[in-house]
Amino acid sequence: MKLVAQGLGWKAAGRAIVQGVDLDLVPGETFGLIGPNGSGKSTLLRLIAGLLPRAQGQVWLDGTPLHRMPRREIARRIALVSQHADTTETLTVRDAVELGRTPWLSAFSPFSDLDRQIVDDALDAVEMRHLAGQGWPSLSGGERQRVQIARALAQRPRLLILDEPTNHLDIHHQLALLRLVAGLDMTVVMALHDLNQAMGCDRVGVMQGGRMVACGRPADVISTALLSETFRVGARILTDPADDSLLYRFHMLENDG
Amino acid sequence: MSGATASLRALAAVSAGGLAVLMLAVMAGIVIGEAPLPLSAVLEVLSVRLFGADTLLDPIDAGIIWNYRLPRTLVAASCGAALSLSGLVLQSLVRNALADPYLLGVSAGASTGAVAVTILGVGGELIEHFRRCLCRCGAGLSDRRAAGARGGRRGGADGAGGHRRVAAFQRADVLFIAKSANAEQARGIMFWLLGNLSGVRWPDVTLAVPIAVLGFAACLIHARALDAFSFGTESAASLGVPVRRVQLVLIGAVTLMAAVMVSLVGAIGFVGLVIPHAMRFVVGVRHFRLIPATALAGAVFLIAADIVSRMLIAGQVVPIGVVTALVGAPGFAIILIRNRARA
Chain Z
1 MKLVAQGLGW
11 KAAGRAIVQG
21 VDLDLVPGET
31 FGLIGPNGSG
41 KSTLLRLIAG
51 LLPRAQGQVW
61 LDGTPLHRMP
71 RREIARRIAL
81 VSQHADTTET
91 LTVRDAVELG
101 RTPWLSAFSP
111 FSDLDRQIVD
121 DALDAVEMRH
131 LAGQGWPSLS
141 GGERQRVQIA
151 RALAQRPRLL
161 ILDEPTNHLD
171 IHHQLALLRL
181 VAGLDMTVVM
191 ALHDLNQAMG
201 CDRVGVMQGG
211 RMVACGRPAD
221 VISTALLSET
231 FRVGARILTD
241 PADDSLLYRF
251 HMLENDG
Chain E
258 MSGATASLRA
268 LAAVSAGGLA
278 VLMLAVMAGI
288 VIGEAPLPLS
298 AVLEVLSVRL
308 FGADTLLDPI
318 DAGIIWNYRL
328 PRTLVAASCG
338 AALSLSGLVL
348 QSLVRNALAD
358 PYLLGVSAGA
368 STGAVAVTIL
378 GVGGELIEHF
388 RRCLCRCGAG
398 LSDRRAAGAR
408 GGRRGGADGA
418 GGHRRVAAFQ
428 RADVLFIAKS
438 ANAEQARGIM
448 FWLLGNLSGV
458 RWPDVTLAVP
468 IAVLGFAACL
478 IHARALDAFS
488 FGTESAASLG
498 VPVRRVQLVL
508 IGAVTLMAAV
518 MVSLVGAIGF
528 VGLVIPHAMR
538 FVVGVRHFRL
548 IPATALAGAV
558 FLIAADIVSR
568 MLIAGQVVPI
578 GVVTALVGAP
588 GFAIILIRNR
598 ARA
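These protein sequences, in sequence, are chains Z and E.
Position 24 of the first sequence, counted from 1, bears residue number 24 in the working numbering, the numbering being contiguous throughout.
Position 46 of the second sequence, counted from 1, bears residue number 303 in the working numbering, the numbering being contiguous throughout.
Heads up, a few of these hints could be off.
[Claimed, not checked] Have a look at the derived ranges for each label pair, beta carbon to beta carbon:
(1) Pro27/Z <-> Pro467/E: 51 to 61 Å
(2) Val540/E <-> Ile237/Z: 53 to 63 Å
(3) Ala267/E <-> Gly135/Z: 38 to 48 Å
None of these hints come from the bench; they were simulated from the model.
Since we're looking at a predicted model, the values are computed, not measured.
Every residue, glycine too, gets a C-beta built ideally from N, C-alpha and C.
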């Protein structure tokens, strides 16, 4: 699915959190969003999903303006996993994933065998099927994160938006998630903090102070100059002899603090 | 295909069972009272009235059954269902376990209006007072909306302070007005503050039952949307729920249900708080099951509370609000403690 965004901006309490961001997502690509804390990554993701009121700018999905589409139509195309979604309800894992079918079901249409299959597949994809009957309060942070991702997959979107999806995940599940995302037949936009993980994306956008200051192939964009300027760290770039992939090793800048 | 048929059959069986339980409760509400009436008499009166059968029944018994006990029980059932549904929907929308029409001030606002009418009569003073009550109700609502918005960001059980403040405000208001009442008026005021089903007649039934049924339908249609609110308003929006419209419709339905019921029988507390939580234990948190279960349990609970209020002290009717509070206050405490343990 083709998503075009122009002049995206959003203010909170008079302060511009995001301003003047243009974005053009190529169907099927994995787009990484990087930037320091407070640079506007999460807000930009929610703007793309059309979830913020009083937003500036415009988003088009396959040529249709997002604000003209009913929420249900948007939810059939775009799924979002945000960082803070939590509940005090004692839902089971399966209940939470079944919520993903909401945009595809009317008020009284019963859950079909196909819906059940989609939910099972989503649970399998994040290795949570064996915990399907578990109650939400008993889950760890990482398990909750994986359930949220399964819920988004059960939505069967064409654009998957993930806000720091590897947060809370152990290293096995971080790698499993990145492999899952790479294998998905859909466009993915995700905010990432681990720059080595961002290297695996097709393209990355760099956010700083609410603006997208760079965008392109990771190897072209992520440079030592950018790292010292945007992230205020120094880095040495190493090459893994096994597959010649680039790795960053970070250190504080000498003149910092 | 067979799966769908089986689930339809299960749905029909459960609905029939629920209706049967409701009928039994209504029967109990009619039969049990200061003057116990045999079930056969009740059935006879019903068959006479509904199907035009012939009867040799004592006209006094027939009058008690048809003109007093039956409308009273039907209104009790409607009120129980409506108030517990109101509580359930508010809890789900606001994502606050302590939300309830009584605590959020909807009931208190309605009582204030009623008491003001009792004492101040109709006049400029009253209108001015009513305007202020409305403003306060508005403040309560926007407070609640703000709490909902906050909940969207960080699953908050924190908005209740504001709602209780509004409710307390209106209680104080009621007490302030009540101070200027004479003894006759004071008896009437107790009715609005603690609830009373004694004056219920058929015209009340024709208002209470349709409102309860409509409210139930409005809630049931939004069952999926209410499920989607479990992770907050933003999550609901990203699942395709038109959040603003659903909030407007449901808060409107809840306010209408609570206001109508309070106008008929006074402010009966704790039903909306305790029944939905009890039902979450029994049928789980999915609203397609939770809404019918809550409506049924609320109806049965209030019929039972009405029976207890008539039987507790011989020769006297204890205000039904006292009975619901006897059950509800400990329930409220349990919910508070459980919530704290989870936080």
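Going through the hints against the structure:
no.: 1; hint: Pro27/Z <-> Pro467/E: 51 to 61 Å; in the structure: holds, 52 Å
no.: 2; hint: Val540/E <-> Ile237/Z: 53 to 63 Å; in the structure: holds, 58 Å
no.: 3; hint: Ala267/E <-> Gly135/Z: 38 to 48 Å; in the structure: violated, 24 Å
The structure does not agree with numbered hint 3 stated previously, though it agrees with all others.
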